[in-house]
Amino acid sequence: SLLSRAAYALGILDDAFQASKMIIEKIKMIEDKLDIYTLYIKILFAQDDAVKAFNTCRWVLRRLGENVPPPEVVEDIGVHATVKTTYSMYIGFSTPELLGMEE
1 SLLSRAAYAL GILDDAFQAS KMIIEKIKMI EDKLDIYTLY IKILFAQDDA VKAFNTCRWV
61 LRRLGENVPP PEVVEDIGVH ATVKTTYSMY IGFSTPELLG MEE
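Heads up, the sequence shown is in this note's numbering, so the first residue is 1 and it goes up one at a time.
Hints are supplied without guarantee of correctness; some may be wrong.
Think about it this way: if two alpha-carbon atoms lie no more than 27 Å apart in a straight line, the pair counts; the simulated BS3-like pairs of lysine-lysine are [said to hold, decoys possible]:
hint : residue 1 : residue 2
1    : K52       : K84
2    : K28       : K42
3    : K28       : K52
4    : K52       : K21
5    : K33       : K84
6    : K33       : K21
7    : K52       : K26
8    : K21       : K84
Source of the hints: derived by calculation from the structure; they are not laboratory data.
Using the sequences and the hints given, assemble the complete structure.
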């Protein structure tokens, strides 16, 4: 996880992606993969692959027992575009900055 986080922080997205993918493949329990999936999804967004990022989120949530609409419904309501737009608005903010924002 440290290697993938360091590569991501340095903007070496291909290395960050490969390291994250390797970690995800080695860990067995979905609950133990949540931190690395979070980074993996950020990397996908940074690589301008919002659809794969969204589908990965959907897959993880379903494994955790959440009821997530099928992709066709999501596409119909334009969630992919909304997710990508929202992500681009907030990238670069730290967690404390995001938590301190007013609604």
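Against the structure, the hints come out as follows:
1. K52 x K84: Holds, at about 11 Å.
2. K28 x K42: The given pair, whose Cα atoms are some 21 Å apart, holds under the 27 Å limit.
3. K28 x K52: With Cα atoms ~21 Å apart, K28 and K52 stay inside 27 Å; holds.
4. K52 x K21: Measuring from Cα to Cα gives roughly 13 Å; hence the hint holds.
5. K33 x K84: holds, 23 Å
6. K33 x K21: The given pair, whose Cα atoms are some 11 Å apart, holds under the 27 Å limit.
7. K52 x K26: It holds: about 20 Å lies between the C-alpha atoms, which stays within 27 Å.
8. K21 x K84: holds, 22 Å
Consistency note: the structure conflicts with none of the earlier hints.
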